[in-house]
Every structure is written in structure tokens, then in C-alpha cells.
Amino acid sequence: MKYWSQTFIPTLKESPADAEIASHKLLLRAGLVRKLGGGLYTFMPSGLRVLQKISQLCRDEIDREGGIELAMPFIHPVDNWVDGPRWSAAREIMYRVDHAGAGKGRSKEPEFVLGPTHEEVITPLVKSEITSYRDLPKNFYQIGTKFRNEIRPRYGLMRAREFVMKDAYSFDATDEGATESYHKMKRAYSAFFTRCGLKTIAVEADTGVMGGSFSHEFMVPAPVGDDDVVYSDAGYSANREKATSGLVPLGFQEAAPSGAVEEFATPGCVTIAALEAAPYSVPANQQFKTLVFMGDGKPFLVILRGCDEVEEAKLGSLGFQLWRQATPEEIEPVLGAKPGSLGAVKGTIKNPDALAGVFADHAIRLIGNGTTGANKDGFHLRHVNVDRDLAITKFSDFRRVREGEPCPKSGEPLKIARAIEVGHIFKLGTKYSEKFGAMYTDDKKQSHLMVMGCYGIGISRTLQAVIEQSNDADGIIWPWNVAPWQVLIVNMDPQDAAASDVAKKLALAAESAGADVLIDDRNERPGVKFKDADLIGLPLRLTVGGRGLKEGIIEMKWRTEKEVRKVPLAEAETIIADAVRSAAAKA
RNA sequence: CGGGCUGUAGCGUAGUCUGGUAGCGCGCUUGCAUGGGGUGCAAGAGGUCGUGAGUUCGAAUCUCACCAGCCCGACCA
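With the first letter of the first sequence counted as 1, position 447 gets the number 447 in my numbering; the numbers rise by one all the way through.
Worth flagging that the hints you see were computed from the coordinates, not collected in a lab.
Incorrect hints may appear among the rest.
Claimed, not checked - Straight-line alpha carbon distances no greater than 30 angstroms define the calculated DSS-like cross-link-like pairs of lysine-lysine that follow:
no. : residue 1 : residue 2
1   : Lys127    : Lys445
2   : Lys346    : Lys394
3   : Lys53     : Lys186
4   : Lys298    : Lys346
5   : Lys53     : Lys35
6   : Lys550    : Lys562
7   : Lys505    : Lys550
8   : Lys409    : Lys2
9   : Lys566    : Lys550
10  : Lys298    : Lys415
11  : Lys562    : Lys2
12  : Lys435    : Lys138
13  : Lys13     : Lys531
14  : Lys2      : Lys394
15  : Lys557    : Lys186
16  : Lys199    : Lys557
Given the sequences, and given the hints that come with them, work out the whole structure.
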């Protein structure tokens with residue numbers, strides 16, 4: 001048991017002005033964290049307890065599925081990253097660590113970086129330690145601090161520069177084995193989030209810089225989330241970056257050409273909207289939108305309907321390491337016109353050989369015959385037929401889905417909701433094992449690449465997500481398993497030996513039933529103590545004081561309920577122990 | 001990186017337009033009273049007004065630069 005006066009729980013009446021959302025305010029007001037700088041937080045004693053409890057639940061569930069815990073360094077030699085498959089993409093988010101101390105020649109590149117994740121460390125380790133199929137599969141994990149130079153840290157622990165993460169890495173001999181490892185982790189994740197009292201949904205996700213063949217994100221639905229989840233009642237769910245819709249029906253037949261391509265003058269008309277307006281009156285869904293990107297230094301085109309937006313994450317499927325929108329200066333020499341008059345009609349592109357490809361979204365097939373830029377400033381082309389006139393390297397899905405579009409599984413309207421990403425699992429395949437040469441020998445003396453998966457849980461973000469999902473106007477409502485303490489004993493008369501004795505006796509009873517107990521022995525007014533009790537949100541509150549003791553009772557109240565139950569002193573220990581046991585069993 | 005807003009005591013803020021003694025609430029300290037939902041009264045302590053330069057007899061206030069934070073966007077494993 002812990003006495004309030006002997007730990008440190010600095011509660012606040014008011015929230016600091018920079019806290020915007022409920023969970024961030026409550027983290028500060030309940031004394032769980034204090035801010036050092038943007039995205040940098042000190043875990044105060046009670047916050048640390050929650051963090052440790054969540055970590056332990058996570059450890060339990062990963063262990064149950066065969067995870068093996070280890071601890072890798074926070075500081076990585078930069079060579080591990082330079083040698084890996086994503087140095088150019090990842091270097092931007094990594095903190096560099098210069099030499100400590102003076103002297104010694106300094107190289108232009110940093111010698112060390114702070115680890116944002118550990119594929120580049122674990123893969124070489126496994127490469128040198130495991131060479132036989134007999135030692136596979138293995139799934140190594142750790143729980144520790146990660147460092148990422150977030151462009152815009154915000155919402156407290158939600159997006160921080162330094163945060164606590166559980167990261168696991170599986171190594172399998174076969175692809176099927178890797179899929180099985182993936183599903184074990186998926187199971188562990190569901191179990192873990194449930195035990196944290198969190199409602200999560202697993203959605204299909206983009207693999208992004210991580211690479212790999214497929215992935216799921218674990219999302220906590222919340223209006224303050226950073227991600228959009230697209231879902232339908234038929235059970236489809238995906239991150240918006242990844243989500244598709246059944247816009248183009250199966251077996252759709254493109255329209256035949258409606259006439260010869262015809263150039264027409266559109267002076268000063270450089271937007272989709274301008275072309276929609278009179279005198280041109282071309283609906284946006286009949287226009288081809290031509291976007292130019294630079295992929296690893298080479299320009300490429302993306303063609304969409306005028307009414308659609310590009311989902312840049314989907315360009316990841318094209319295989320470029322880095323891509324960005326091209327500048328007007330880069331566009332003109334290649335296409336022959338400035339943005340606003342661009343198109344991809346055969347023969348109009350000034351320097352087609354410079355292009356790394358012309359990639360079209362499936363939905364342009366719905367246009368059939370449409371209007372697009374002529375690659376000549378001030379001119380557009382009409383009667384442009386997808387089949388006849390465009391030289392498409394590859395059709396794929398590049399557009400951002402919209403609410404209400406048909407679900408790709410069922411055709412029902414898709415819905416979109418905000419969510420917080422608390423976990424992400426990837427089936428990586430051989431991207432890293434290939435780059436680092438992580439091979440094993442099978443029973444026929446043949447060498448093969450190991451098949452990998454990687455799995456992350458934002459432990460500190462999970463902590464805040466729990467608060468975001470579970471609070472009311474008075475404060476936090478901790479789920480049983482992650483509460484810093486499960487039982488709060490409010491001693492109304494800490495100066496009174498009898499009351500203090502009873503408080504201690506009740507604490508021992510609750511403890512022996514398996515609860516962590518905090519005793520509020522502060523010499524504060526009752527109102528202060530009750531307000532703080534609600535604010536810090538421990539699940540079960542017991543009130544001991546002179547008034548009740550004269551009656552021969554103590555009071556028992558759940559944080560989730562309004563009702564206060566009077567418990568006769570004689571039965572109190574038994575009733576409390578039962579309450580603790582049944583709460584623990586339900587959690 | 002672009003747009004907007006804000007920096008005044010540990011926290012929340014007024015004062016800035018119109019330059020002239022830096023104010024209030026919470027918290028903190030001390031005392032008395034009170035004692036079941038942030039109690040009352042009284043007495044205190046606590047400030048480089050984000051930083052630097054400039055204008056001025058005089059700058060929290062006006063000007064410029066910089067820094068930091070927040071929001072929106074971009075970006076984001």
C-alpha cells in the first residue's frame with residue numbers, strides 16, 4: 001500500500017493552456033506527467049505506475065504467444081541504417097548523435113543515431129546468431145524508448161518525440177510460417193488491448209516506409225485521432241491511406257471513342273473548377289487530372305479524375321524510395337506546359353523519355369471520353385479516350401476514398417471515422433533479411449532468406465488513449481488493469497488513530513485480494529479529497545471517517561457508478577476482498 | 001516548411017489598441033475558525049512582463065529581429 005503523503009501526485013485545478021484534448025488535460029491535471037519541452041514528458045510517480053502496468057500486460061500477452069524479450073541499445077551506429085533498405089526515407093526522422101567530448105576528427109555524417117525502431121539492429125543480430133532452420137521461428141521483442149523527430153509533436157503523449165514502444169520482430173523459415181507468426185501477434189494484440197480496457201478495431205493499413213506485404217493497424221475510435229478509418233457494416237475496415245472503394249464495377253466496359261481528339265483554347269483556365277464553369281462546362285468527373293511527381297529524382301505522372309484527390313501514400317506501391325510533388329520548374333521541360341494545362345495524351349508530351357512512368361487511377365476508366373490539358377499553355381483537349389489516347393504504364397488505385405462510396409466487399413456505403421493508432425503489425429517478407437543477408441540453412445543444406453514480420457505497440461500512446469476513451473467531467477475513469485492503484489482509501493480523519501487503523505486494515509484486506517491500494521492520508525478538506533479522488537480516477541473508493549465510524553460503517557463507491565454503499569465495519573474486510581476479486585475477474 | 005494565434009509569478013489570466021506605481025484568481029507560507037464535494041477570514045512570500053536591439057524623458061504597451069508554444073495545413077512507421 002502507498003500513502004498519498006509519501007508519494008507525489010501533484011493534481012491541478014486548472015489545465016495548462018497548451019493542453020487541447022481531454023486526455024492531455026487529464027494527464028496533466030491528475031499529475032501523471034509533466035512537460036519538459038515539445039513532445040518530451042516526465043512520467044510522474046503515478047504515471048510511471050500506469051506505464052509499468054501497461055508494459056507488463058503487454059509482456060504477458062506477447063510472452064503467451066512465444067515472444068522472447070531482450071533489450072537493444074537506444075543509440076545505433078549510423079552504418080546499420082546506411083546499410084539498411086530505408087536510409088534515405090528514415091534519416092529525416094532520426095535524431096543524430098554527435099561525438100561526446102571534443103577532439104577526434106568529425107565526419108560529415110553522424111556516427112550515431114537515436115533508434116526510431118530496431119529492424120536495422122535486430123536483423124544483423126539474427127543474421128550472425130541464427131543460421132539453421134532448427135532455430136526458427138523466433139520472435140524477439142523489447143519494451144523501450146524510441147526517438148523520432150516528429151515535425152509537429154502534439155496532444156501530449158499522443159505524438160511525442162520520445163515515447164515508449166513495444167517492438168517485436170519475427171523470423172521464420174517460410175512464408176506460411178511468417179503468416180502464422182503474424183496472426184499470433186494479431187491475437188496477442190487483441191488480447192492486450194482488451195486487457196487494457198480499450199476498445200480497438202484492427203484495420204488494413206498501408207505499409208509505408210516499413211515496406212512488406214500486408215499490415216494491420218489497431219485503432220481506438222476517437223474524434224481526436226490522427227487517422228481516418230474507413231469501414232462498412234459488412235466488416236470492411238481500412239486506414240484511409242489504404243482504403244479502396246468499389247467505384248468501378250467488375251466487368252466494367254470502357255466507352256468507345258466519341259470522336260477525334262480536338263484541341264480548344266482555354267486562355268487563363270488552369271484549374272479543374274475553372275474548366276467546370278462556363279463557357280467550358282466540363283464536369284470535374286469528366287476531366288483527367290494530371291499530377292507530376294518526382295520519384296527518386298525522375299518525374300512520373302499520376303492520372304486521376306478531376307473530381308478525385310490523390311492519396312499520396314498509395315504511390316508507395318510504385319516502388320520509389322522517396323517521392324514528392326514536382327515543382328513547376330521541373331514540370332515544364334518534360335511536359336511542355338505549366339501546371340493547369342497538363343495532360344498525358346500520346347504525342348503531346350514534350351519529352352516522354354524523361355518519364356519514369358504514367359500511372360492511372362482505375363476510376364479514370366469511368367470517364368471513357370474526357371477532357372484534359374494539351375501540354376500547351378492555354379489549351380485543352382476533348383474527346384480524349386482512355387484506351388485510344390493515353391499511354392498508361394499501369395492502372396492502380398491512387399485516389400482517396402470518400403464517405404458514402406460503395407464498400408469494396410459489399411457495395412454498402414462506406415463510413416469514415418477518426419481514430420488513434422495504438423498498434424501496427426507488418427508482415428515484412430524478406431526486405432530486411434535480403435539487405436542484411438539474414439539466411440538460414442534448411443534440412444536439405446539449402447540456403448534461404450528468413451521471412452520477417454515486425455510489430456509495434458505505442459505503450460505511452462496506449463496510456464493516453466485509455467484516458468481519452470475513459471473519462472468524464474470529473475476526471476479519469478481507469479480500467480481495473482491499468483489503474484495506477486485499484487483502490488483508493490480516503491481517510492477523512494488522518495489525525496485520528498482509530499480511523500487510520502481502519503484504513504490500514506481495509507488496505508491490507510484489499511491487498512491480500514490482489515489490489516494495489518493508495519491511502520489518501522493528507523490533511524485536506526473532504527471536498528478536496530473527493531475531487532482529487534474523482535480526478536485521479538481509481539476504480540474503487542473506500543471512505544473512512546469519524547462520522548461513519550460512529551455509525552459503525554465505511555463507504556464504498558465505484559468510480560463508474562454514482563451510488564455510495566454503506567458497509568458495516570464488521571463485514572468490511574470480507575466485502576472489500578470480494579469486490580476486489582470480482583472486479584479483477586471481470587477485467 | 002506555409003497560414004493564423006499566443007508568450008505577464010508554479011498554473012489560469014487582466015493590462016497592450018490610447019506608453020507613466022504590474023493587477024486578479026488558483027496554488028504556496030503563517031495564524032484563527034471550519035471539517036462529507038475544490039470552506040471562510042486575516043496576514044505574507046513569489047515577476048529579467050519570452051530574448052535581443054531600437055524609438056522615447058519614460059516601454060509589458062510602439063518598431064524590428066530572433067526564440068518558444070498552440071491551432072490549421074503539409075508531413076508522419
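Going down the list of hints, with the structure as the test:
The hinted pair formed by Lys127 and Lys445 meets the criterion: a straight-line CA distance of about 17 angstroms does not exceed 30 angstroms. A distance of roughly 15 angstroms separates the Cα atoms of Lys346 and Lys394; the hinted pair therefore holds under the 30 angstroms criterion. Distance restraint check for Lys53 and Lys186: the Cα-Cα separation of roughly 21 angstroms lies within the 30 angstroms cut-off, and the hinted pair is therefore satisfied. Restraint check for Lys298 and Lys346: satisfied, since their Cα atoms lie roughly 19 angstroms apart, inside the 30 angstroms limit.
Of the pairs offered as hints, the one joining Lys53 and Lys35 holds, with about 21 angstroms between alpha carbons and a cut-off of 30 angstroms not exceeded. With a C-alpha separation of about 24 angstroms, the suggested pair Lys550 and Lys562 falls inside the 30 angstroms cut-off, and the hint holds. Our distance criterion of 30 angstroms between C-alpha atoms is met by Lys505 and Lys550, whose separation comes to about 17 angstroms. A C-alpha spacing of about 54 angstroms is found between Lys409 and Lys2, which places the hinted pair above 30 angstroms, so the restraint is violated.
Taken as a hint, the Lys566 and Lys550 pair is honoured in the structure, with Cα atoms around 13 angstroms apart against an allowance of 30 angstroms. With a C-alpha separation of about 37 angstroms, the suggested pairing of Lys298 with Lys415 is violated against the 30 angstroms cut-off. With a C-alpha separation of about 26 angstroms, the suggested pair Lys562 and Lys2 falls inside the 30 angstroms cut-off, and the hint holds. Distance hint between Lys435 and Lys138 is fulfilled; the C-alpha atoms sit about 19 angstroms from each other, no more than 30 angstroms.
Between Lys13 and Lys531 the CA atoms are separated by roughly 9 angstroms; this keeps the pair inside 30 angstroms, and the hint holds. For the hint linking Lys2 to Lys394, the alpha-carbon distance of about 65 angstroms lies beyond 30 angstroms, and the restraint is violated. Taking the CA atoms of Lys557 and Lys186, the gap is about 36 angstroms. The hint is violated against a cut of 30 angstroms. Among the hinted pairs, Lys199 with Lys557 is consistent with the structure: their alpha-carbon atoms are about 24 angstroms apart, no more than 30 angstroms.
Checked against the numbered hints listed earlier, the structure breaks hints 8, 10, 14 and 15; every other hint is satisfied.
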